[in-house]
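Chemist: Chain by chain, the residues run as shown.
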Amino acid sequence: MRRVVAIAFLLLLTASAFGQEAEAPCARAETVGECISRIREEAAKATTAATSEQTANDVAAANTGITNLQSASASSLKDFLSLLSASLESATLEDDGQALTFDWNPRIDFLGIDFGDRRPFKLQAVFTNGTLNSQLQTALASNATALKDLDESLAFEDDVAVSATFTRNSEIFGRSIAPHRDYYQNWLEAAMTANVNAADDDAFDALLISLPNVTQNTRFDSITDPSRQETARRLVAQHARSLHGTDTAIRQFHDAFAKLLNNQSQVYISGTYNARRNVVGPNEFRVKGTFEWGPENLTTFKRNNSLCTDATIVTNAVQCSTDLVEYAKNAAKDRLAISVDYARTNRRWIDLPDLGVAFGIPRATAYTYSLTYGRTLRTATANTGGRIDFGVHFEDNEEKNIDDREKIALTYTYKVSDGVNVPFSVIYATDDDDLVDADRKFSANFGLVFKVPKELNLFGGD
Amino acid sequence: MTCPNFVIWRPIPDGTIIKAQAVGDDEVYNAFITVRRNGVQEPSIRHQQLDPGPASRPMSSADRVTLRGSLGVLRDVERPVTLEIWLEDENANPIDVIDGTGGMVPARCQWAVASTAMSPQLIELRLFGGSL
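Residue numbers (numbering that gives the first Met the number 0), protein chains in the order written: chain V, 0 to 461; chain D, 0 to 131.
No wet-lab data here; the hints were simulated from the structure.
Hints are supplied without guarantee of correctness; some may be wrong.
Short derived list, chain V residues pointing at chain D, Cβ under 8 Å [to be verified]:
| hint | residue |
| --- | --- |
| 1 | 35 |
| 2 | 184 |
| 3 | 249 |
| 4 | 253 |
| 5 | 326 |
Ideal Cβ positions, reconstructed from N, Cα and C, are used throughout, including at glycine.
Model the full assembly from the supplied sequences, consistent with the hints where possible.
Modeler: Encoded structure:
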């Protein structure tokens, strides 16, 4: 009987302690700041564990695939907002075909031109080790030594492509928050002020006023009056839980907003000049216009939800947050890109008298039409993920003696971490110049993409 | 000086000016501060006032002011975005406050965010007027 009573008492104590844990005051040995941080972190972990969606990680370090404009495996997403990224791409079958790409989105204040947006330009430089021109390879097919010597003489500066891309951000196009800032802030203001309980807030102020030497660094056990210490421990803990409520509300909205912003459509135009050593091929100039489309984004949310337009979001802040979170959770992750590319290659004369080679490459003009589809794949791991991109490219050559070309590329890019992506591509092409190994119509490529920290800002500002 | 997300500054003398400024890639972040003075909500300080800023609000020794800041990025960034809040007198001299352990420190705090996983940060700064 005594054992039964003891067990029941133990169970009662345990249940009581468990029930009170949710409302436990700050510890005596904690400081005011430590207690608030601890309670907010513990509550945040509990909230995250209870929520299966990781919408923040869908956008966190957007897996943008391969950013090289020249690559047949180029992702349909463009990363305008990294100042510097480097990518290294190598073929699995041969050593040739290596490329190094630098992207840069400078601020343009130094030009004295006010575009309204501060980063409408992207500058890119692609350094390729180069591949010997196929006609030259054919001409020297019987001279393996000469071919090898020429091939080994190629360096990264033998095939350089410099490009400039311009885009304009608006409420319909672009992934910048700038056109949507008032919308975001209007909701934020409504949420942050609505989550304040005036009576509790005044009581918390009154407590702190009654303890004139207390700051966030003050330990509770330094408050010598036991009753006031007890009250302080309880009210500070209560205030921490109130702050967590606001934390959760604004974070859910922010994450959903970020995801839909990242799905915005984009329109941009780019110009590229490719300077090549004569044995690599002719110089080339191209202009390319691209339209990227994300089917469900911030613009479509506002259009389909009359309660949550720019004019009505403040009045309906609570409902809009719920609707936005739900919309973002179910938003399609597909992305489609359509582009038209005009390219002109200059005529080139290759004259190697020591090798008995002399021939000319005529000027050529071509239009390339591309269609690329991309989709981010969801994984169970928070900071990794995959992306699949499928592209079809058709090149219409104006000159009668140059065949039209087709390329089809399928790329799977695996995000190892926030700064490292590993792309794997399978490419079908009808032209030998698009393949690493001319004997095969299919090529498999494997690469590594990494982003380096911003170090350069040559034009002032941040 | 980097600070925790909850800070108390006191005692704040007459003639104090609260200053706030945010710095970062304007395309991918937002900074925002609500202001509550003596139990009454005032107009908020918006991103456009903070960057480039600085924004200013006066404060007297009779006031109690609560600033709640939100600092967040919409995409991971290499260089963190920052929000800085400090106190000055009318001559732009810094103001010191008690540190809660018997000493004095300059009333100046900075918070930084670089990843969406940590966004948005909710900061609370409670200021109490008075004298030493």
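Chemist: Work down the list of hints and note, for each, if the structure agrees.
Modeler: Against the structure, the hints come out as follows:
With a cut of 8 Å, the hint placing residue 35 of chain V at the interface with chain D holds, because the nearest CB-to-CB distance is about 5 Å. A hinted interface residue such as residue 184 of chain V counts as satisfied when its beta carbon comes closer than 8 Å to some beta carbon of chain D; here the least separation is about 6 Å, so the hint holds. Checking residue 249 of chain V against chain D: minimum C-beta separation of about 6 Å stays under 8 Å; hint holds. For residue 253 of chain V, the interface hint holds, since its Cβ comes within 8 Å of a Cβ in chain D; the closest pair sits about 5 Å apart.
Among the interface hints, the one on residue 326 of chain V is violated; its C-beta lies about 16 Å from the nearest C-beta in chain D, farther than the 8 Å criterion.
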